[in-house]
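Visitor: Which chain is which? The protein sequence lines are A and B, in order.
So for the first sequence, the working numbering puts the first residue at 1; every next one is plus one.
So for the second sequence, the working numbering puts the first residue at 131; every next one is plus one.
Calculated from the structure, these hints are not laboratory results.
Fair warning: this is a prediction, and the values are worked out from it, not measured in the lab.
Some hints could be false.
[Stated by the list, open to error] Interface residues of chain A toward chain B, partial, derived using beta-carbon atoms under 10 angstroms:
no.	residue
1	Asp12
2	Ser13
3	Val15
4	Phe74
5	Leu83
6	Ala101
7	Ile105
8	Pro108
9	Phe109
10	Asp110
11	Glu112
12	Gly116
13	Lys117
14	Leu123
15	Leu124
[Said to hold, decoys possible] When the alpha-carbon atoms are kept at most 25 angstroms apart in a straight line, the in silico PhoX-like pairs for lysine-lysine are as follows:
no.	chain 1	residue 1	chain 2	residue 2
16	B	Lys296	B	Lys210
17	A	Lys107	B	Lys155
18	A	Lys107	A	Lys18
19	B	Lys168	B	Lys296
20	B	Lys274	A	Lys107
21	B	Lys168	B	Lys155
Heads up, the beta-carbon is just placed ideally off N, CA and C, and yes, glycines get one too.
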Amino acid sequence: METPTTCLVVDDSRVVRKAARRILERHGFAVREAENGLLALEACRAELPRLVLLDWNMPVMDGLEFLNAARAEFGPERPVIMLCTTESEFDRIVLALAAGAQEYIMKPFDDEIVTGKLVQLGLLAEDVGP
Amino acid sequence: MNAESFAAIAALVRTRSGIVLTPDKGYMLETRLAPILKREGVASLDMLALRLRDIRAERLARDVTEALTTNESSFFRDGKPFDHLRRLLPGLMAARAAGHRLRIWSAACSTGQEAYSVAMILSELGMRQAEILGTDLSREVVEKAREGFFTQFEVQRGLPVQMLVKHFRQEGARWQVRPELRAMTRFEERNLLGEHRSLGRFDVIFCRNVLIYFDPPTKGRVLNALAAQLAPDGVLYLGGAETVLGLTEKLMAVPGERGAYALAR
């Protein structure tokens, strides 16, 4: 059996984490969860995931701080970091991309959006339906 | 809804658009026509079918046809044809005289995602001297395509975020295609079953996921009409589930490229 693609879902809302987990697990991803940036950094140090799905506004350490810290510590490519946030202002998106995020989802999201982005990122084959 | 009403509405849609609604589409009629029932104050689909019998109900007939033939769309839908287009265009341009304006037709363009996806590719290849024509049966979607406004949901379907920030500007909760791309595109109302000779010749034609709604003779007729507008070395893209086999002699599959067709030699 193929090794599953690993994903860390970082969001302070348990409901959002569960929703994301459901979509990712349907595609065979191995999912871990963290409820803020600091816990996410620790999870990355324990084992670097292939993908981080990252909320922006969280207590303790927010998404942008995590993004900067992760790029400084793990380099520009890995893990693949996809924001998933209610922040939908043009400038915020540009800011996250400049900080090294590879993709960006504006909440609310659905299965089709997440699946489509995973295909674009090369983490899923194209023929996979939502 | 009784079978007679379904048959009457299906016949109307078929006459106007060529699209065949099979009896299993009853649920689709109900969901798609609900807004029209509400707007017109009509109690049921049976009542609507009665009203459509009146030949003066032109606007209503048109709205019903539009509601039943409008399809969902996304940017770079089914990525393969766009990858192929990226590889095709440089060679195609090289075979043209200097100053040639590439002409690309998005037939059944819906709300414009396909046409704008092509515009983004051309822009990134530095081929802005191009004309992209989008046509659709539905006046409503043509108007929407022309404006180039998309919701937050729509711009997240198929569109990489780097392309979003490069080719769109945000206006409140919506995103609009930038003027440079809109200047390359033109949208007009057009029935695929009509006469297309006046449109002239195209280097590339997209006609995806429309033929599936037609019966075989209509498919053949549309394919022949599209082939007649295609440049000798041009490419026609069909939907992944569509084929030309047994429908026309004028087109053949491009080997190894799903959905891409060229004129038969």
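Visitor: Indicate, hint by hint, whether the structure satisfies it.
Guide: Against the structure, the hints:
1. Asp12: Because about 22 angstroms separates A:Asp12 from the closest Cβ in chain B, which is outside the 10 angstroms limit, the hint is violated.
2. Ser13: Violated. Min distance 19 angstroms.
3. Val15: Violated: closest Cβ of chain B sits about 20 angstroms from A:Val15, beyond 10 angstroms.
4. Phe74: Where the cut-off is 10 angstroms and the nearest Cβ of chain B is about 21 angstroms from A:Phe74, the hint is violated.
5. Leu83: 9 angstroms, holds
6. Ala101: 8 angstroms, holds
7. Ile105: Since chain B brings a Cβ to about 7 angstroms from A:Ile105, closer than 10 angstroms, the hint holds.
8. Pro108: 8 angstroms, holds
9. Phe109: Interface hint status for A:Phe109: holds (7 angstroms vs cutoff 10 angstroms).
10. Asp110: 8 angstroms, holds
11. Glu112: Status holds, d = 7 angstroms.
12. Gly116: 6 angstroms, holds
13. Lys117: 8 angstroms, holds
14. Leu123: With Cβ-Cβ at 13 angstroms, over 10 angstroms, it is violated.
15. Leu124: A:Leu124 check fails; min Cβ-Cβ to chain B is 12 angstroms, beyond 10 angstroms.
16. B:Lys296 / B:Lys210: 22 angstroms, holds
17. A:Lys107 / B:Lys155: 32 angstroms, violated
18. A:Lys107 / A:Lys18: 15 angstroms, holds
19. B:Lys168 / B:Lys296: Outside the cut-off at roughly 40 angstroms; violated.
20. B:Lys274 / A:Lys107: Holds, at roughly 24 angstroms.
21. B:Lys168 / B:Lys155: 20 angstroms, holds
Checked against the numbered hints above, the structure violates hints 1, 2, 3, 4, 14, 15, 17, 19; every other hint is satisfied.
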